[in-house]
Amino acid sequence: QVQLVESGGGVVQPGRSLRLSCAASGFTFSSYAMYWVRQAPGKGLEWVAVMSFDGSIKYYADSVKGRFTISRDNSKNTLYLQMNSLRAEDTAVYYCAKTPTRSGSYCDYWGQGTLVTVSS
Amino acid sequence: DIVMTQSPDSLAVSLGERATINCKSSQSVLYSSNNKNYLAWYQQKPGQPPKLLIYWASTRESGVPDRFSGSGSGTDFTLTISSLQAEDVAVYFCQQYYGAPPYTFGQGTKLEIK
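Protein chains in written order, with the numbering used here: chain G, 2 to 121; chain X, 41 to 154.
Don't read these hints as lab results, they were simulated from the structure.
Backbone N, C-alpha and C define an ideal beta-carbon position, used for all residues, glycine too.
A couple of the hints might just be wrong.
The calculated label-pair distances, taken between Cβ atoms and stated as ranges, are [stated by the list, open to error]:
| hint | chain 1 | residue 1 | chain 2 | residue 2 | range |
| --- | --- | --- | --- | --- | --- |
| 1 | X | S66 | G | S120 | 31 to 39 Å |
| 2 | G | G56 | X | S102 | 35 to 43 Å |
| 3 | G | S76 | X | Q125 | 27 to 35 Å |
| 4 | G | S121 | X | S109 | 45 to 53 Å |
| 5 | X | S66 | G | K44 | 31 to 39 Å |
| 6 | X | K64 | G | S26 | 34 to 42 Å |
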């Protein structure tokens, strides 16, 4: 069955960097676009970034553009989110999610999430 | 960007009764060339990730009970739970995936038992 397992979260000081990983299994990772979505404590869902199946197309939310980079290694079935210049408002649970298409649409499977806390 | 607005923010319904959640988009998410509405609904229970319920506005995901249904077109959409069960207590989100990103979510509707 489809499994998405995020890792790399933790407590980090403002201005520092963190890299999240999402290990995928149970499906042909290289065939599907993938998302990052975040959820601040007690808040709603915020779409962060999406990458096409082959990594050729990527989009970012304005709130993270220029600071975050989405990438994937299809040989390792892994999605990444490099987060630089972190701010307090980036504190959230970060979910990795799969889409059923090559370029992006709704999410049919979600990971359990990894918590990122930005605090001094 | 397309803004998604859900109503109400919270809702309390008796067991066995109907629950209705609305979602309005700031512009149409109906793609005329294929007559599909690019709108999904998710359920999130406490401490869990979201779970896909409905896509293309009215197509139920495999395994989702048939008491869940989606309707609407263009800019106005509804998620209906025909007979509320205790396990349906959750926060429900709509999301549009029309055109190029950002694929925005509604703010969520918290559903409780009355």
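**OP:** Could you check the structure against the hints above and give me the numbers of any it violates, in ascending order?
**Re:** 2, 3, 5
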